[in-house]
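J.: Below, each chain spelled out in residue letters.
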Amino acid sequence: MEWSLLAQGGLNGVMLGVNYALIALGLTLIFGILGIVNFTHGEMYMLGGYVAYYFFGHFGLNFFATLALSAVLVGALGVILEKFIFRPLTKRPKLELTSLIAAVGLAWVFQMLAIIAFGDLDKNVPSAFKGILRMSGVVITVERLATIIIGLCLVVLLNVFLLKSKTGMTIRAVAQDKEAAALQGVSVDRITALTFGIGCGLAAISGALIAPIFGISPNMGGEVILKAFLVVILGGMGSVPGAMLGGLVLGFVESFGCLFFSVPTVMVLTFSIIILILILKPKGLLGHA
Amino acid sequence: MILDVKGVDVNYGKVAAVRNVSFSVSKGSIVALIGANGAGKSTILKTISGLEPCNAGEISFQGQRINGLSPQEIVKQGISHVPEGRRLFPEMTVGENLSMGAYLRKWGGDTKNDLDAIFEYFPVLKQRIRQKAGSLSGGEQQMVAIGRALMSSPKLLLLDEPSTGLSPIMSQTIAKIIRVINEKQVSILLVEQNANLALTIADSGYVLETGSVVLEGNAQQLLKDEAVKSAYLGI
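If you read the sequences in order, they're chains U and B. Sequential numbering of the first sequence, starting at 8, is according to this note's numbering. Sequential numbering of the second sequence, starting at 2, is according to this note's numbering.
Heads up, a few of these hints could be off.
If you want the footprint, here are the derived chain U segments under chain B, 3+ residues with CB under 8 Å [claimed, not checked]:
1) 175 to 184
2) 187 to 196
Chain B residues, not near chain U, derived (Cβ > 10 Å throughout) [said to hold, decoys possible]:
3) Gly-8
4) Leu-52
5) Ser-71
6) His-82
7) Ser-100
8) Ser-168
Calculated from the structure, these hints are not laboratory results. The C-beta atom is built at its ideal place from N, Cα and C for all residues, glycine as well.
Isolated chain B, as found in the complex:
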């Protein structure tokens, strides 16, 4: 297991946003967290990357406990988080956004190789490199957000709603790239409202409802599950 989440609680003030959630991501796999708006999916990702404090339970990465560490230390360990709504630096160029992703690394051969790989996944970004990130289309912004996260050379990538606001074709493109990234030994934890898209590319999945895991299993089985179908797939 590259990531192990055990019995985690997260409270916003007195309100419990996440209750006793446990799941794991095995090395090299894609795991999907699905569920409705407000089910606690984004909160879980923010807790893993250290933006929200974990009130109970334990999060371990590669066997080491990481809850309680700062976001900076967690990035250093090899976890990179693409936040909901992309959260680019809008007044900075695409190139600057990508180099911010490599903030903790020395610029050199390795980072250049990573940059080349990103331009291979998203060739359009090479033409946009001097453009301000805020001026790009939603799909291109998502590409920059994923590219920026890859610039830290992560072992685990946390993706929060990468398909939100994108056309179906663009969503498919992003989904394909997520698989390509995964083939290069980057484990992926994917949060999506688009359960169909998420379960199609994932190996396994967890269904969240009001802060708790209510269902888990192999992604293909979840796709066929009657409860999942009616609640999240709109079938």
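In isolation and in its complexed conformation, chain U is listed as follows:
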């Protein structure tokens, strides 16, 4: 085995990992604040992909502007979903399961609507970055490198926002204790809607970012939501650093696995490793007891 092949696997692992982390971060933020698993998250990712297909691929909008637009459009959709569907359900106690079913149902609705609106065939999105980089035998497309860098920048930005800004601090406070946050004068409903919007926006950006590499289809969210859910559980439900670490772990395991084994074997290995980790650490890698 040549080391350049390993380096290649590592780079692919980082790319997948950053993408998983972006989706999982949104999911974990929403779980932290609403206590529900947002199963429509994969569909927000899918919609991000279609924003890239139409605005970047067809209307020729700048790629970075397309990424921002996907976050804004899908983020706004998230705010609407939270206000009209999830808020009425989560306001009543002991309805977590109902919210979960509502989210699963909504995911189906969005998938079917996407088939009706966009057709059920896979679509290609043109590359936003051209060229190939060679460094001592390691070959990577500029496109993949750019995807890694943009993804990492977004992860860093989100962390700075959560840790350093007043709004970020307020989101953390609401996630830890809603009633105590309300007693400090926080409008908990507003922060919850905002967090839902940010989470959905992150999923959309990752969908738009990865669209030129993997292509898009109405059911692209289905596989990704399972993986993101896995990453969130692996890292620890509601934990932001956990989602990042979990994303990278899953990305590396998949990418290196594919160097040595067939895809089904990799799937078996991935899930076995994750089940093993969870047996050893039931609260996830960075979860709180």
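Use these hints to put chain B onto chain U, whose structure you have.
T.: Frame of chain U, contents of chain B only:
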């Protein structure tokens, strides 16, 4: 009167938690609400701060009706609530917890002065400022909870069971600080199971039983009252 509670009912579903309760807090005073577990003391505080809806009666603060307002608006008017069990943000630092208390204020000279005052009351918090609130001892957590409430610069402070889970010495320390805070023109409504502690520092007191006021008066008189002694002071 800074706070006037008149004929207030609070129901949890079909169960009446508070029935026709009336009391008042005069400006600059400490008023104690005492009574056994489940007497409705915490519910009254939550209703004042807008966390629980008031089903009948009226609550007015500085002459203005406040029942029906959101917790946010009530904090803005100058009422700050230290909830039962402290309810800090455990994964956030002491500094972040304190700045959450000033959520509705602009950070500047006034908030810095308030922060300095809090470090004067509780010098240990200055050393703990970068520590996670959840890692502190019970007494230190109570200090953060009171400090956080003071960061909104309240005119009325609602304290729910500040002595619960604390050593007798720590309870005395907290009691002393409550008096110091009160001397700086902050009116205080204190809910306590430790009736002795509460009545020692309060000006007046109300005794609650199953959601209703059964006795009221000057704190010193209540301390000497035979019924209070046998029921709540364990004498």
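J.: Each of the hints needs a verdict: does it hold here or not?
T.: Tested hints:
{"no.": "1", "hint": "175 to 184", "in the structure": "holds (count 6)"}
{"no.": "2", "hint": "187 to 196", "in the structure": "holds (count 8)"}
{"no.": "3", "hint": "Gly-8", "in the structure": "holds, 25 Å"}
{"no.": "4", "hint": "Leu-52", "in the structure": "violated, 6 Å"}
{"no.": "5", "hint": "Ser-71", "in the structure": "violated, 8 Å"}
{"no.": "6", "hint": "His-82", "in the structure": "violated, 5 Å"}
{"no.": "7", "hint": "Ser-100", "in the structure": "violated, 7 Å"}
{"no.": "8", "hint": "Ser-168", "in the structure": "holds, 24 Å"}
Taken one by one, the earlier hints fail for this structure at numbers 4, 5, 6 and 7, listed in ascending order.
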